[in-house]
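Residue strings, one per chain:
2 protein chains.
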Amino acid sequence: MTTQKLEIMKCTHKKQKPESSALEFGKYFTDHMFIMDYSEEKGWYSPRIIPYQPLTLDPAAMVFHYGQTVFEGLKAYRSEDGSVRLFRPEENFKRLNQSSDRLSIPPIDEAQMLAYLKELIRIDKDWIPTMPGTSLYIRPFVIATEPTLGVAPSRNYKFMIILSPVGAYYKEGINPIGIFVEDQYTRAAPGGTGTAKTAGNYCAAYKAQERATANKQAQVLWLDGMEKKYVEEVGSMNVFFKLNGEVHTPGLSGSILEGITRKSVIELLKSWDIPVFERRISIEEIVSASKSGTLEEVFGTGTAAVISPVGELLWKDHKIVVNNNETGALSKRLYTELTGIQTGEQKDPFGWTVRLEDEE
Amino acid sequence: MTTQKLEIMKCTHKKQKPESSALEFGKYFTDHMFIMDYSEEKGWYSPRIIPYQPLTLDPAAMVFHYGQTVFEGLKAYRSEDGSVRLFRPEENFKRLNQSSDRLSIPPIDEAQMLAYLKELIRIDKDWIPTMPGTSLYIRPFVIATEPTLGVAPSRNYKFMIILSPVGAYYKEGINPIGIFVEDQYTRAAPGGTGTAKTAGNYCAAYKAQERATANKQAQVLWLDGMEKKYVEEVGSMNVFFKLNGEVHTPGLSGSILEGITRKSVIELLKSWDIPVFERRISIEEIVSASKSGTLEEVFGTGTAAVISPVGELLWKDHKIVVNNNETGALSKRLYTELTGIQTGEQKDPFGWTVRLEDEE
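So the protein sequences, as listed, match chains A and B.
For the first sequence, counting from 1, position 156 maps to 155 in numbering that gives the first Met the number 0; every step adds exactly one.
For the second sequence, counting from 1, position 173 maps to 172 in numbering that gives the first Met the number 0; every step adds exactly one.
Since the hints were made in silico from the structure, they are not lab data.
Computed from a predicted structure; not experimentally measured.
Do not rely on the hints blindly, as some may be mistaken.
As the list makes no split between identical chains, a pair holds if one copy fits it or if it spans any two.
[To be verified] Once the Cα atoms are required to be at most 27 Å apart in a straight line, the calculated DSSO-like pairs of lysine-lysine come out as:
no., residue 1, residue 2
1, Lys206, Lys93
2, Lys9, Lys26
3, Lys170, Lys315
4, Lys318, Lys331
5, Lys206, Lys227
6, Lys206, Lys41
7, Lys41, Lys227
8, Lys215, Lys318
9, Lys290, Lys227
10, Lys41, Lys26
11, Lys318, Lys227
12, Lys228, Lys215
13, Lys170, Lys16
Same shape as in the complex, but just chain A:
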């Protein structure tokens, strides 16, 4: 793939930025966005940064009808000294291409995507909030745009990146959530699209979330789609269990999203010499561990919350209280370490962070 000249068209009027304290998730967007087109003849072409603006699409555009789309989510952090850091962005672009492969979408040059993203962030750098816990959420995504109703991969796409300043996930300190173990609805089955970050996986979960809310729980714990027996993931996070001093997380079964925070947590635990296992974990085993007193901590991992401690699990008639509904020591340590690395407050022995300034 040849490097194409990036066209930059800046906005003439900048939007008013929301107060850091008023930020919500994914509600405000910055002044600019990145966009690039694809056709069978040209491949990916015409990369450009333009003022944030509506898309104009034919009502027959395939994304509306057959859902051929993939996305990513990552964050940029600005530290006190003004430096800007991304957390393992190359992992996100690698996963975007893996998702695209499952959805029959043409891949994009990963290094080039990162270069475009950096340029976009430089232009909208003033939008990155600095209050503790805040960040700039980055949403790269691809949509199928060919205006025809035949059920087949699209011959045209748009790749875009939009940016949204987001508030602290934990406004009043890190706190455990309750989760509802879903035993009716299915998130994903082997051979399906569960490992891909694609739109259809997310709307399919709304019904289960309704049930969780009706049962006074914050999120859903998904079981496997075949037997409803093995633990898969929490809401849109991966899940970890601390059992008798060891950490266990569901293995990549073919229907679980390969989280980048999940991967980082595993690497961190190994570096701390804490035993960590990726394997099949049945919900029955968790109930037993709770009864025998070996279930020490449960937490979710994901880009939004980083670490989300679980204080309670509700599965059928079983109500499991974890660590007295308090944030466990390991959850806290992981949260502090990971967010420290992400924001630049702590050293980064793994070389996970990418500083925007390093290449200016």
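Given the coordinates of chain A, assemble chain B onto it according to the supplied hints.
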């Protein structure tokens, strides 16, 4: 729901209509479209027929990210005398609302939708082709439009109907197709979205279609998502087997789309006193029936092809030839009867067709 005044804004310049012989599926669209908006405060509001035109949506519109969308597909036929018929349209709007329920989308008044559709077709009536086998394909769909990235049901939607004149499915007479029995990829699992007509189910199938094509077969036969043992559906059609004079089709397992042509075929067969059974059918059973000579016919049913005879099935090492790769007598009879009713060439003892003129 109160009836709202339908606003009609006609186009000033009509597009040139394609030749009937040059029609493809879902490529050309008529001069007008129907659109209506939804907000939590107003419900569905502002129904209008306007010139066919691009949609303008925020790049953060939820449909691009979380796939909350449902659709339908049905056809209008124009007969020699100029009368226009719809085939069981109330079934489509009922199913649209069922799909919407699974996807947490607010329902639409079914009778009102049908009234809007009729008005739209009246305005674009000249677009309905009359050559044998041609029709006007109708695509009603709903998309989530709220511009925010939180993973939750949208608070805003658009409901639209677009129309596309389509050519004959069988240009050279009804002909059997070969199908590839997919044993790796999964279309749907119990508890998933398989019974809903939603975008994510369709793009998820592209990889399997690639494998079918690579194996020189026209379409995919899906097996159940749990054991890859039981037959579910063909491509985007339901599937029927004639075994020893009886007709068998997979029961509605919770992961199969409830086809309207499927339902009509079952009702037709019953009216002809041909035994028809809805039940679990394993692919092993079909292999055995082929060996013992009791597999007489296989056919798919759907809006596009109406009846699609299957001449060959490829499953692992088994190659099953059905009825000497020729269209069976029952497939032909069903095709003739159903298309006859749809176009008005035959009597409609079931009251399935809705004539536009009846209410003018």
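Hints, verified against the model:
{"no.": "1", "hint": "Lys206 <-> Lys93", "result": "between (30 Å within a copy, 19 Å between copies)"}
{"no.": "2", "hint": "Lys9 <-> Lys26", "result": "within (22 Å within a copy, 36 Å between copies)"}
{"no.": "3", "hint": "Lys170 <-> Lys315", "result": "neither (31 Å within a copy, 55 Å between copies)"}
{"no.": "4", "hint": "Lys318 <-> Lys331", "result": "within (23 Å within a copy, 58 Å between copies)"}
{"no.": "5", "hint": "Lys206 <-> Lys227", "result": "both (16 Å within a copy, 26 Å between copies)"}
{"no.": "6", "hint": "Lys206 <-> Lys41", "result": "between (41 Å within a copy, 23 Å between copies)"}
{"no.": "7", "hint": "Lys41 <-> Lys227", "result": "neither (46 Å within a copy, 40 Å between copies)"}
{"no.": "8", "hint": "Lys215 <-> Lys318", "result": "within (12 Å within a copy, 53 Å between copies)"}
{"no.": "9", "hint": "Lys290 <-> Lys227", "result": "within (21 Å within a copy, 36 Å between copies)"}
{"no.": "10", "hint": "Lys41 <-> Lys26", "result": "between (34 Å within a copy, 22 Å between copies)"}
{"no.": "11", "hint": "Lys318 <-> Lys227", "result": "within (17 Å within a copy, 34 Å between copies)"}
{"no.": "12", "hint": "Lys228 <-> Lys215", "result": "within (22 Å within a copy, 38 Å between copies)"}
{"no.": "13", "hint": "Lys170 <-> Lys16", "result": "within (20 Å within a copy, 59 Å between copies)"}
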